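Peer 1: Build out the structure end to end from the sequences listed, making use of the hints.
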Amino acid sequence: MSASTLLRPAGEAAPDAARRPGRRPGRLRRRVVENLTAYGFLCAALVCFALFSWYPIVRGVLLAFQQVNFITDPEWVGFENFERLFADPLFWDAWGNTLLFTGLALVFGFFVPFLIAVLLNELRHAEGYFRLVVYLPVMLPPVVAALLWKWFYDPGPGLFNSLLRVVGIDGPRWLDDSTTSLLSLVLVATWSNLGSATLIYLAALQTIPGELYEAAELDGANVVQRLRHVTIPQTRFVLLVLLLLQVVATMQIFTEPYIMTGGGPDDSTVTVLLLLYRYAFVYNDFGTASALSTLLLVFLSVFSFAYLRITRRADA
Amino acid sequence: MSDRPVRTLFSGSRTGVGYKIVFITTIVVFTAVFVLPFLWLVLGAMKPAVELAKVPVTVLPETWNPGNYAEAWQLMDLGKYFLNTVFVVAGAWVVQILFDVPAAYALSKLRPVFGNGVLVAMLITLMLPPSTLLVPMYLTITDVPIVGVNLVNNPAAIWLPAAANAFNIYLLKRFFDQIPTELLDAARMDGAGAVTVLWRVVLPMARPILAVVSILAVVAAWKDFIWPLLVFSDPALQTLSVALQRFAPDTPINLLLAGLVLAALPMIAVFLVFQRHILAGLTAGSVKG
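These protein sequence lines are chains A and B, in that order. First residue of the first sequence: 15, per our numbering; consecutive thereafter. First residue of the second sequence: 33, per our numbering; consecutive thereafter.
Check each hint, because a few of them may be wrong.
Here are the simulated lysine to aspartate or glutamate pairs, DMTMM-like style, with alpha carbons at most 20 angstroms apart [claimed, not checked]:
hint	chain 1	residue 1	chain 2	residue 2
1	B	Lys-52	A	Glu-136
2	B	Lys-86	A	Asp-281
3	B	Lys-141	B	Asp-217
4	B	Lys-112	B	Asp-266
5	A	Lys-164	B	Asp-282
6	A	Lys-164	A	Asp-281
7	B	Lys-141	B	Glu-214
8	B	Lys-52	A	Glu-141
9	B	Lys-141	A	Glu-48
10	A	Lys-164	B	Glu-83
These aren't lab readings, by the way, just hints derived from the structure by calculation. Note that the structure is a prediction, hence the values are computed from the model and not measured.
Peer 2: This is how it looks when you write it as structure tokens:
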């Protein structure tokens with residue numbers, strides 16, 4: 015909303031309106047032409063949004079209550095898709111795995127980048143090098159990272175167990191063991207993504223005025239107290255925003271389990287999105303798949319709206 | 033960085049032994065965690081397959097086979113998939129710039145009726161996790177409403193949805209908002225139409241934001257996996273990521289590793305060249321300090 019048109023003092027608008035003798039066709043015509051021009055500029059993007067964003071959003075929710083087979087018209091089935099979903103034991107496993115994955119990913123992917131950023135902010139040498147290498151994995155296509163780490167995880171000649179063997183430890187079976195498989199996926203995802211969070215935190219840390227630390231130190235605050243009472247409060251907004259974004263992103267984990275484990279062993283890495291993929295593109299059951307994506311959408315909307323409220327408040 | 037405040041969390045000197053120990057440890061750990069995996073990959077790709085299966089592993093190849101790269105290129109026909117990927121990525125980039133720049137300009141400077149409604153409707157899509165739209169999106173491209181065409185195996189199925197990117201619109205509009213309206217009015221007084229103003233006045237000023245949007249578009253399109261996996265059922269049309277995971281189960285490990293190196297190189301190169309823009313794009317939108 016344009017503040018200038020809304021907040022124009024009434025006294026300015028009034029004489030202009032008074033001068034206008036009723037309706038002047040020239041003015042109206044100009045308004046029409048201007049609007050047509052504007053929508054001419056907008057139309058290509060509008061068509062894309064309408065066909066590939068707005069329409070699918072509505073259709074996705076409708077599909078959750080339909081059954082489609084591509085031969086006859088979609089059939090309304092009420093809550094049948096949801097019932098089928100709730101009866102599938104894998105549905106509960108998938109949510110359990112995904113929530114566990116998200117929890118673990120937060121432990122690693124949320125706290126570690128912050129600590130790294132705090133550390134990097136203290137160093138006065140090779141800053142460019144640190145920023146470069148921490149972001150390198152982010153540039154890797156996820157498929158490449160997943161296939162690379164699958165090779166690292168090989169219990170025999172893989173990199174990790176080879177390193178562990180050097181120090182005399184018999185390494186775990188990583189992806190092949192249902193107790194370590196999910197954690198293994200968390201490690202890849204963290205390695206691939208923590209660069210962006212780290213650099214965002216670093217940028218936030220660099221905006222903290224040095225005087226705050228100086229004042230805290232004069233008041234006798236030690237390092238832990240300065241971290242608690244200066245660093246964290248000053249970066250609270252960024253921390254909160256990234257926390258929410260990270261939950262939304264990690265709940266949608268797909269590429270790593272799809273490529274590295276296929277959901278196994280013993281369904282220990284079946285995630286919500288992997289199950290959704292199976293329903294839709296393996297069983298061609300688009301209705302049940304849509305019921306699942308609608309549930310995920312509702313669940314993640316909570317975080318999205320929290321994000322919206324927080325960023326809105328900061329904008330105001 | 034020159035604008036960095038001198039005082040940070042720790043007040044100790046940056047010349048003492050303690051600082052040196054921390055600094056050197058950090059360098060070693062960072063190199064081990066973020067650089068070594070790449071080195072290990074590049075070296076592994078030059079070992080013979082037999083050597084890769086041996087325990088204990090060799091650090092440097094006993095037999096150097098740099099020819100693995102050429103062999104992998106031929107065996108997996110990587111040239112074809114590179115071209116497919118470049119075609120898909122370039123198209124996604126062009127469409128995003130071509131569609132989103134005029135749209136953001138219209139919303140920022142031409143301000144038509146319902147402009148704000150349109151903007152809000154676009155921004156709301158940012159709140160929706162993209163993967164929850166996979167199924168309806170897929171059904172949409174199999175039979176696009178109104179026009180009734182099937183876009184499966186058609187790169188347009190990647191390009192057109194890519195243009196429905198509210199984050200682009202947001203970044204561009206926010207930049208255009210900062211361009212003084214008087215400047216555009218002056219150009220219009222001189223008889224320039226809306227297209228001329230966009231082309232001659234706005235775009236030359238918008239180069240930094242165009243760079244950010246372009247790089248975000250290219251990197252996202254190159255990294256994308258699940259959507260191209262669904263769109264390209266025809267193996268001959270697939271992008272590099274999709275093809276690599278298809279080849280992975282039955283390709284000799286050393287050649288697969290060589291393939292991974294080749295697939296990663298363009299993105300690493302883009303990063304090294306455009307590092308500044310990429311990191312600017314990272315902090316551009318969602319987060320402020």
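Peer 1: Could you work out which of the previously given hints the structure breaks and list their numbers from low to high?
Peer 2: Those not satisfied come down to hint 2.
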